[in-house]
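The opening position of the sequence shown corresponds to residue 33 in my numbering, with each subsequent residue numbered one higher.
Don't read these hints as lab results, they were simulated from the structure. Treat the hints with care, since some could be wrong.
Unchecked claim - Here are the simulated DSSO-like cross-link-like pairs (lysine-lysine), alpha carbons at most 27 Å apart as the crow flies:
no.: 1; residue 1: Lys106; residue 2: Lys62
no.: 2; residue 1: Lys62; residue 2: Lys73
no.: 3; residue 1: Lys92; residue 2: Lys73
no.: 4; residue 1: Lys92; residue 2: Lys46
no.: 5; residue 1: Lys73; residue 2: Lys46
no.: 6; residue 1: Lys73; residue 2: Lys106
no.: 7; residue 1: Lys46; residue 2: Lys83
no.: 8; residue 1: Lys83; residue 2: Lys73
no.: 9; residue 1: Lys46; residue 2: Lys62
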Amino acid sequence: SHTDSRADDAYNMKLSEQRAQATINYLVEKGGIDRSRLSGKGYGETRLVNKCNNNTPCSKADHQRNRRSEFIIKE
Numbered sequence: 033s034h035t036d037s038r039a040d041d042a043y044n045m046k047l048s049e050q051r052a053q054a055t056i057n058y059l060v061e062k063g064g065i066d067r068s069r070l071s072g073k074g075y076g077e078t079r080l081v082n083k084c085n086n087n088t089p090c091s092k093a094d095h096q097r098n099r100r101s102e103f104i105i106k107e
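Throw the hints in and build the complete structure from the sequences for me.
Here it is, written out as structure tokens:
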């Protein structure tokens, strides 16, 4: 899971780790997926999808694109 760059690095890393865990919990509780089939990782603001870093002014929508969870589906 990922965050935007609008807080400090340590906060964003912790937030992304919490987001990854919340995503797993959702998939287990609502999707009925066995927890043993899932893993999560927080990346904080290290993998932005655009140029909205701490030194670049961006719109709210641009920052929002960086707040996400991504999935890799394995067989």
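The hints, checked one at a time:
Proximity of Lys106 to Lys62 is assessed by CA-CA distance (about 20 Å); at most 27 Å being required, the pair is judged to hold. This hinted pair checks out: Lys62 and Lys73 have alpha carbons roughly 20 Å apart, not beyond 27 Å. Proposed proximity of Lys92 and Lys73 is supported: the alpha carbons are some 25 Å apart, at most 27 Å. Using a Cα cut-off of 27 Å, the hinted pair Lys92 and Lys46 holds, with the two alpha carbons roughly 21 Å apart.
Proposed proximity of Lys73 and Lys46 is supported: the alpha carbons are some 10 Å apart, at most 27 Å. A C-alpha spacing of about 16 Å is found between Lys73 and Lys106, which places the hinted pair at or below 27 Å, so the restraint holds. Between Lys46 and Lys83 the CA atoms are separated by roughly 22 Å; this keeps the pair inside 27 Å, and the hint holds. Distance check on the hinted pair: Lys83 and Lys73 sit about 22 Å apart at the alpha-carbon level, within 27 Å; holds.
This hinted pair checks out: Lys46 and Lys62 have alpha carbons roughly 24 Å apart, not beyond 27 Å.
Checked against the numbered hints above, the structure violates none of them.
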